[in-house]
Every structure is written in structure tokens, then in C-alpha cells.
Amino acid sequence: MSLKRRWRFREKAIESFIFLNGLLAVIILLGVLFLLLREGLPAFAYTSPLKFFFGTQWYPVSEPPTFGMLSFFAATLWVTLISTAVAVPIGVGCAAYLAEVAPSRVRETVKPVVELLAGIPSVVMGFIGLMLLSPLVQSAFNLNTGLSGLTAAIMLSMMSLPIIVSVSEDALRAVPNEFREASYALGATKWETIRHVCIPGALSGITAAIMLGVGRAIGETMTVLMVAGGALAVPLSPTEPMMPMTAAIASGIGNAVRGGLQYQALFAIGLILFLMTLSVNLIADRVLERQKQKFAR
Amino acid sequence: MLLNTGWRIILLLFLLVLAVTGCAPQESEPSGSELSGSFKIIGSNTVTPLTALWAEEFMKMNPKVNIAVSGPGSGVGIASLINGTTDIAQASREMKAKEYEQATNQGVNPYEIQVATDALSVIVHPSNPISELTISQLSAIFTNEITNWKEVGGSDAPIVAISRDTNSGTHVFFKEHVVQMKGLDTENKELEYGQKVLFLPSTEGGVTEVVNNPNAVFYPGLGYLTDEVKPLAIKKTADDPGVLPSVATALDGTYPVARPLLYYTNGEPAGVIKEFVDYCLSPDGQAKAIEVGYVPLQ
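If you read the protein sequences in the order shown, they are chains A and B.
Anchor point for the first sequence: position 197 equals 196 in numbering that gives the first Met the number 0, and the numbering is continuous, going up by one each time.
Anchor point for the second sequence: position 159 equals 158 in numbering that gives the first Met the number 0, and the numbering is continuous, going up by one each time.
Computed cross-link-like contacts, DSBU-like style, restricted to lysine-lysine with a CA-CA straight-line distance of at most 35 Å:
| # | chain 1 | residue 1 | chain 2 | residue 2 |
| --- | --- | --- | --- | --- |
| 1 | B | 195 | A | 50 |
| 2 | B | 287 | B | 59 |
| 3 | B | 195 | B | 181 |
| 4 | B | 181 | B | 97 |
| 5 | B | 97 | A | 50 |
| 6 | B | 188 | A | 50 |
| 7 | B | 149 | B | 188 |
| 8 | B | 39 | B | 63 |
| 9 | B | 95 | B | 235 |
| 10 | B | 97 | B | 234 |
| 11 | B | 195 | B | 235 |
| 12 | B | 39 | B | 59 |
| 13 | A | 50 | B | 181 |
| 14 | A | 50 | B | 95 |
| 15 | B | 287 | B | 235 |
Chain A side only, calculated, beta carbon under 7 Å to chain B, not exhaustive:
| # | residue |
| --- | --- |
| 16 | 134 |
| 17 | 143 |
| 18 | 232 |
Part of the chain A face toward chain B, derived, beta carbon under 7 Å:
| # | residue |
| --- | --- |
| 19 | 60 |
| 20 | 230 |
| 21 | 257 |
Keep in mind that the hints were calculated from the coordinates and are not lab data.
Ideal Cβ positions, reconstructed from N, Cα and C, are used throughout, including at glycine.
Use the sequences and the hints to build the structure in full.
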């Protein structure tokens with residue numbers, strides 16, 4: 000009896016601990032949002048939101064300072080789009096190979112190595128980009144300088160690959176074997192099984208993996224700061240030097256005095272960045288929801 | 000596998016903590032020196048190699064003193080001084096009136112000490128045929144008015160102009176004295192860095208790009224000169240002779256882009272910080288400055 004009661008107490012304790020953890024995550028998220036709003040919104044009293052977003056001049060230490068972030072936004076879009084376009088097909092393909100095709104010995108060696116890649120610090124990746132990739136990109140595309148959005152995007156795709164591979168592979172392996180057997184029984188080939196059964200079946204996991212990868216590409220700071228080139232012009236081509244939003248924040252926040260105009264403007268960029276990642280997540284949720292309905296029986 | 004790695008990291012951290020706590024009693028052992036304490040120096044990327052050397056030497060002489068040096072940029076240092084998060088701000092430019100005002104508002108009273116001088120060298124790739132430029136040509140290059148080396152007498156190749164980011168004192172100093180041509184007849188305070196200029200987070204990054212890129216031009220401090228890059232002789236105006244950056248030309252005032260390197264403290268330095276500043280200014284400390292490529296005060 001007392002043993003049973005002790006168990007129940009333990010159960011309750013664990014339950015409330017988990018609940019508190021969940022609550023904490025929500026509180027932290029709201030706190031971040033509150034901070035961004037409090038520090039960032041005053042910037043719009045100096046520059047109107049339209050001018051702030053569509054302005055192309057960013058001279059925070061001039062007199063008077065001008066804040067226009069269109070070039071940063073465009074740079075973030077370029078870098079994110081290209082790195083996603085490179086990383087997603089390779090990552091999902093690699094995951095499909097590991098989960099469906101590779102013999103278990105290959106999988107058991109390759110997967111840990113890929114996961115280890117995720118642990119390389121971004122500053123090291125930036126260094127590799129600076130020393131190895133940027134001269135390569137420069138000569139391959141015949142550019143004035145290898146410090147460009149393209150170089151940054153390639154580095155970023157390498158950084159998001161391990162996450163995409165690892166999470167998608169887990170999702171593919173979670174697809175019940177009966178599905179595959181049924182597909183083979185219908186006479187489908189391996190490729191048809193992967194394409195029409197395994198990948199749709201694991202789609203929610205694969206979408207999550209892609210979102211994690213895109214999130215890394217949008218939010219990554221150190222590497223883009225080091226190799227994207229940091230030019231202020233609105234980038235019309237990915238091979239131009241550019242400064243993504245995260246790099247602009249990182250390179251400016253140090254000398255911004257707390258509460259000053261530059262500080263507020265950088266927080267405003269942070270706010271927009273936050274809204275961007277939030278909308279990416281919301282869109283992913285919608286896509287998943289629709290997919291689930293499609294497969295609902 | 001992931002779990003395994005996680006446990007390994009935790010174990011490693013644990014060992015690290017053990018090692019650190021194991022060291023602790025050693026630190027409290029009495030040593031010959033009376034001086035003890037720890038303080039932070041944050042600021043200019045240009046001054047950092049010099050400050051780091053001084054700090055090392057000073058800590059060797061006074062084992063109980065602990066100095067932390069970091070160099071994200073002069074602006075960061077000054078902002079940290081105003082925010083009260085550093086003891087010394089190292090800067091490669093003077094504080095602006097607005098920053099003094101912000102400091103006073105926060106109850107901080109900046110005290111300026113010049114610790115050395117620096118000649119800002121303009122460097123290009125050794126294969127670049129250009130060997131001298133006037134300040135107004137440099138201004139045109141960094142405002143993107145001139146975008147091809149042939150316009151200043153070089154080969155037909157695009158110019159890749161590289162600057163430090165806005166954190167940097169060098170960024171601000173170069174903008175005032177070269178881009179806006181301060182003190183010349185052609186001075187124009189409206190001029191800004193051009194939109195095609197690359198802004199890099201560190202001096203090392205800029206030097207690396209010049210080493211790799213035959214079309215690049217960048218402006219590091221004298222201390223960053225190596226054999227892999229070529230410094231340009233600078234002419235104040237087209238009629239003046241070109242002067243190469245060096246300790247001698249900076250000291251006699253003939254090199255046009257020289258500037259003071261400064262420390263800022265909150266009020267006059269006292270205690271261990273005063274001892275450190277005194278060491279930097281001593282003949283011994285100033286001799287160290289020449290060793291690493293900076294210009295001493297005298």
C-alpha cells in the first residue's frame with residue numbers, strides 16, 4: 000500500500016516537473032518576444048517601418064544615422080534559399096540511401112560520422128570557408144572576390160546537411176516495415192517504394208528535418224559574418240558580397256550603446272528575423288497538416 | 000552514439016573542472032610580488048596584439064595579476080566602458096562628443112591615455128603594379144567612385160575595396176581621414192564608404208583576403224604588415240612625395256595616415272590598473288611596441 004502511494008507520489012512529481020519544463024519554454028519564448036518588442040519598437044519612432052524595411056542605406060555611425068535594412072533582408076533570402084536548395088535534395092537523398100538501401104554496416108559507420116559533422120563549431124566552418132572555399136568559388140565563377148553570398152550558402156548547406164540527414168533517416172526508419180512489404184507485394188520496385196511509400200510516410204519527420212536545416216541557415220551568424228563579404232549594396236545576384244541580417248546584428252551590436260538608436264535598430268532587425276523564422280515554422284505546420292489530411296483514412 | 004558523445008563531453012567537462020579546482024591552491028601560494036587582482040581590457044582589434052603582449056609581460060612579472068584582453072573593435076570597447084562592463088577600453092580613435100555625453104549620463108568619467116601611435120598602412124597584393132596613391136584617389140576607391148585599377152594607373156581589373164565593420168575604430172578613423180579627406184582642401188563630410196565595399200569583422204580577415212586576392216585593397220595597422228602583402232606609399236596631395244608607412248615616417252609626421260592608440264579608463268587609473276598603464280608607458284613597454292610593429296610615443 001505505502002509502496003503504491005510512494006509510486007503515485009513519484010509519478011505526480013515527475014508529471015509536474017515535465018509540466019514546469021513545458022511552461023518554462025513558453026515563458027522564455029514570450030520573454031524573448033517581449034524583449035525584442037521593447038528594445039526594437041522604439042527604432043520605428045526614428046525611422047518609419049516602411050523606410051526601415053525598404054531603405055537601402057545603412058549607416059549607423061554617421062551623423063545623422065540612416066537605417067534601411069532591405070539589403071540585409073535580400074542577403075538573408077539569397078543565402079537561405081540557395082543553402083536550402085543545395086542541402087535538402089542531398090540530405091533527403093542521403094537519408095533515403097542510409098535508411099532504405101545501405102547495408103547495416105555502412106549505415107552504422109556513416110551515420111555517426113555525419114552526426115559528428117554537426118558538432119563542428121560555426122567559427123571553424125567560417126575559417127574553412129575563408130581559407131579554402133572562398134578562393135575556389137572566386138576562380139570557379141570568375142568573381143572579383145570569393146567572399147560572397149554563394150560561398151556562405153555553400154558553407155551553410157554543409158552545416159545543415161548533418162541535421163537533415165540524421166533526422167530524416169530516423170523518420171524513414173520509423174516507417175513500419177509492413178508498408179514496404181505491402182508495396183513490394185504489389186510489385187513495386189525499390190525506387191517506387193522509397194518514392195511513393197517511405198518518403199510520404201515519413202514526411203512529417205522529413206519536414207521537421209528540413210525546417211531545422213532552414214532554421215540553421217536563417218539563424219547562422221558566425222559563418223556568414225566571416226565569408227559572406229559584408230557589402231551594403233542590395234545583392235542582385237548570389238555571387239555578390241552581401242551582409243545577411245544576422246551578420247548585420249553581430250557586427251553592429253558590439254558598439255551599440257544600450258538604449259541608443261543603433262541598438263534599437265539592431266533589435267528591430269532581430270524582431271523581423273524572429274517573425275521570419277516564426278512564419279517559416281507556421282508554414283511548415285500548415286503543409287504538414289494538409290499532408291496529414293491527404294493521408295487520413 | 001549521440002548519447003555516448005554527450006556522456007563523453009560531460010566527462011571531459013568534469014575532468015576540466017577537476018583540473019581547474021586542482022590548480023586553485025597553487026594560485027593562492029604566496030609569491031614574491033605584492034601586486035594582485037584581475038581586470039578586463041576590451042576594444043580595438045588594431046591595439047589587441049600590442050595589449051596582449053603587454054598583458055603577458057605584466058602577468059609574467061606579477062603572477063597574481065590576471066588580465067583578460069579581447070579585441071572586437073574600438074566601438075565595442077568604448078560601449079563596454081560606458082556600460083560598465085570593462086575596466087580599460089582600448090581604442091584606435093578618439094571618443095566622440097556623443098559618446099562622452101552617453102558616458103556622463105551613465106555616471107562614467109572617461110580618462111584618456113595615449114599608449115602608442117599607429118600608421119595605418121594601405122595594402123594590396125604583391126602582384127599589383129600600383130605602388131603609390133594619393134589620399135583623394137583612395138577616397139574615390141573607397142566611395143566606389145573609382146572601381147577599376149586602370150583608373151589609377153594600374154592594370155585593367157576591378158578593385159575589391161575592403162574595410163573593417165562599423166565596430167572598428169579603424170573604420171571610423173579611415174572614413175574621417177581618408178574617405179572624407181579631413182584636413183585637405185577637398186574635405187567633404189558627406190562622403191561615405193561605397194555600397195560595394197566589403198565590411199569584414201576582423202583585421203585578420205581583411206589581410207587574408209588581400210593575400211588571396213590580387214585585386215583587393217585593405218587598410219590594416221602597421222603591426223599587421225607581412226611579406227605576403229604590399230604596402231602602398233601615400234601621397235597627401237598629387238604634389239607631395241609618396242611616403243611608405245614605417246615607425247620612422249610615423250614618428251616624424253611625414254606619413255599622412257598616422258593616429259594615436261588610446262586607453263580609456265573610468266576616472267584616473269588606480270591600483271593595479273595604474274601599475275599596468277605605467278608599465279605600458281615605461282621605456283621597456285614602449286620598446287615592446289616597436290618589436291610588434293607599432294610606433295612608440297617618442
